[in-house]
Amino acid sequence: MATGDLCTVERRGRVHLITLTGAGEHRLNPALISAIRSAVAAARASPGAGALVMAAEGKFFCNGYDLAWARGDPSGRIAAVRAALRGLVADLLALPMPTVAAVTGHAAAAGCGLALAHDTVVMRASRGFLYMGEVDAGIKIIDYFGELLRQKVPDAATRRDLVMKGEKMTAAEAVRRGIVDLAVDGGVDDVVAAAVTIAEGLAARGWDGEIVAEIRKAAWPELWSKVKDYGCDAPSRPRL
Amino acid sequence: MEPNNLCTVERRGRVHLITLTGAGEHRLSPALLSAIRSAVAASAGAGALVLSAEGKFFSNGFDQAWARTAPLHLHSTMDGGFRALVADLLELPMPTVAAVTGHAAAAGCALALAHDSVVMRGSRGFLFMSEVHAGIKIVDFLAELMREKVPDAVNRRDLLLRGDKMSAAEAVRRGIVDKAIDGGVEDVVNAAVAEAEKLAARGWDGEVVAEIRKAVWPKVWDKAKDYGADAPAAARPRL
Chain W
1 MATGDLCTVE
11 RRGRVHLITL
21 TGAGEHRLNP
31 ALISAIRSAV
41 AAARASPGAG
51 ALVMAAEGKF
61 FCNGYDLAWA
71 RGDPSGRIAA
81 VRAALRGLVA
91 DLLALPMPTV
101 AAVTGHAAAA
111 GCGLALAHDT
121 VVMRASRGFL
131 YMGEVDAGIK
141 IIDYFGELLR
151 QKVPDAATRR
161 DLVMKGEKMT
171 AAEAVRRGIV
181 DLAVDGGVDD
191 VVAAAVTIAE
201 GLAARGWDGE
211 IVAEIRKAAW
221 PELWSKVKDY
231 GCDAPSRPRL
Chain H
1 MEPNNLCTVE
11 RRGRVHLITL
21 TGAGEHRLSP
31 ALLSAIRSAV
41 AASAGAGALV
51 LSAEGKFFSN
61 GFDQAWARTA
71 PLHLHSTMDG
81 GFRALVADLL
91 ELPMPTVAAV
101 TGHAAAAGCA
111 LALAHDSVVM
121 RGSRGFLFMS
131 EVHAGIKIVD
141 FLAELMREKV
151 PDAVNRRDLL
161 LRGDKMSAAE
171 AVRRGIVDKA
181 IDGGVEDVVN
191 AAVAEAEKLA
201 ARGWDGEVVA
211 EIRKAVWPKV
221 WDKAKDYGAD
231 APAAARPRL
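Sequences listed follow chains W and H, in order. Anchor point for the first sequence: position 167 equals 167 in the numbering used here, and the numbering is continuous, going up by one each time. Anchor point for the second sequence: position 1 equals 1 in the numbering used here, and the numbering is continuous, going up by one each time.
Any given hint could be a false lead.
List of simulated lysine-lysine pairs, DSSO-like, C-alpha gap at most 27 Å [as the list claims (entries may be wrong)]:
| id | chain 1 | residue 1 | chain 2 | residue 2 |
| --- | --- | --- | --- | --- |
| 1 | H | 165 | H | 179 |
| 2 | W | 226 | H | 137 |
| 3 | H | 137 | W | 217 |
| 4 | W | 165 | H | 179 |
| 5 | W | 217 | H | 179 |
| 6 | H | 198 | H | 137 |
| 7 | W | 228 | W | 168 |
Calculated directly from the structure, the hints in this document are not laboratory data.
Given these sequences and hints, build the entire structure.
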């Protein structure tokens with residue numbers, strides 16, 4: 001499966017922009033996660049890269065795990081994709097540059113988690129929800145994912161509404177509740193442009209990337225400890 | 001070095017007021033940390049404690065200049081001294097108020113937040129976790145303190161990861177500081193003392209205050225407790 005069918009990578013000034021391609025739901029399976037991780041690794045290796053933006057084409061940012069694919073082997077595949085996402089979260093936490101999620105469309109379940117794993121989140125105002133659909137779909141939330149939600153949605157009432165009640169949160173609501181930094185009017189390209197502008201501003205600070213990564217791990221240590229053995233720097237990487 | 005070149009101590013009613021003296025940055029060197037700890041220990045019998053400072057700075061953090069010249073094996077005395085001071089504040093049998101009279105950066109910011117209440121000068125001065133700009137890691141103990149006292153994800157991201165300079169008004173808005181006080185250093189100190197006097201007037205059992213405080217901030221207490229004045233001798237690391 002060609003990586004370009006799954007995500008593209010471009011440089012805009014100092015910003016490394018990853019776009020999940022196509023009009024589909026960008027459901028997370030090992031192939032897509034692997035492609036994204038390759039793109040993130042490319043950002044890390046790219047000389048002069050100062051910040052990362054993760055965006056998507058179409059109506060969806062990411063609608064969660066590829067459950068249709070997982071149903072092919074329920075006992076093994078859900079565990080496999082969970083482990084793969086764990087690795088991607090580790091890579092994002094360890095990334096030596098600021099990260100911005102451009103939530104250009106619906107971000108549901110694991111897709112919502114993926115957005116929250118970034119330092120800054122901008123979201124399309126006119127369309128799209130954050131939606132932790134697990135409770136509605138009858139899917140459990142496992143340890144590191146729960147930690148991600150606890151760290152990034154610390155307010156008890158908001159966490160209860162998002163995770164336990166499966167509330168669909170618009171950008172305006174998410175900003176009001178402090179989960180999303182900015183609601184952006186317009187279309188997908190406007191959201192991406194806003195994210196890139198913020199990312200460029202962060203890159204312009206000229207911070208030492210290794211320090212950014214270390215401070216990020218110090219800010220979210222419980223989450224880092226739960227994912228670090230799955231990241232690209234892990235000494236003996238668990239078999240995925 | 002005379003301790004009162006570094007900080008003074010006075011009683012105002014039931015309030016034990018400690019002031020970091022002089023117009024400098026009140027960098028937390030082992031000597032200053034030791035002087036503050038002595039001043040804190042002298043609070044026995046008071047109803048509440050206030051920590052304030054003269055001049056433009058509350059405290060601008062660790063004494064990096066000292067660290068650059070001191071032999072490596074002594075560096076732990078600064079980190080250990082800071083932990084010890086925080087341990088003393090956490091187990092202090094009376095309410096504590098930080099009067100952030102000026103800039104509070106890095107360890108200075110953490111020291112302010114280690115108090116139960118924080119009042120801050122409205123017109124001048126920032127809370128500032130400067131590490132990301134300086135290109136240095138945040139010391140583990142400082143990060144623990146900041147995490148417990150700044151639970152909100154956005155606030156934590158902005159303070160730690162972006163190194164935002166937060167004015168008093170901004171810090172109050174975000175729930176990090178209790179009150180912004182107009183005027184000069186003296187006005188901030190007076191407001192802190194008034195707040196401390198009110199807390200002292202509640203007549204709480206000091207030992208209970210200390211136990212409840214440790215129960216509310218267990219993670220930072222856990223990382224500090226072996227350094228404090230009451231730590232059993234065997235556990236106390238050699239400083």
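**Prompt:** For this structure, which hints from the list above don't hold up?
**Reply:** Violated: hints 4, 5, 6 and 7.
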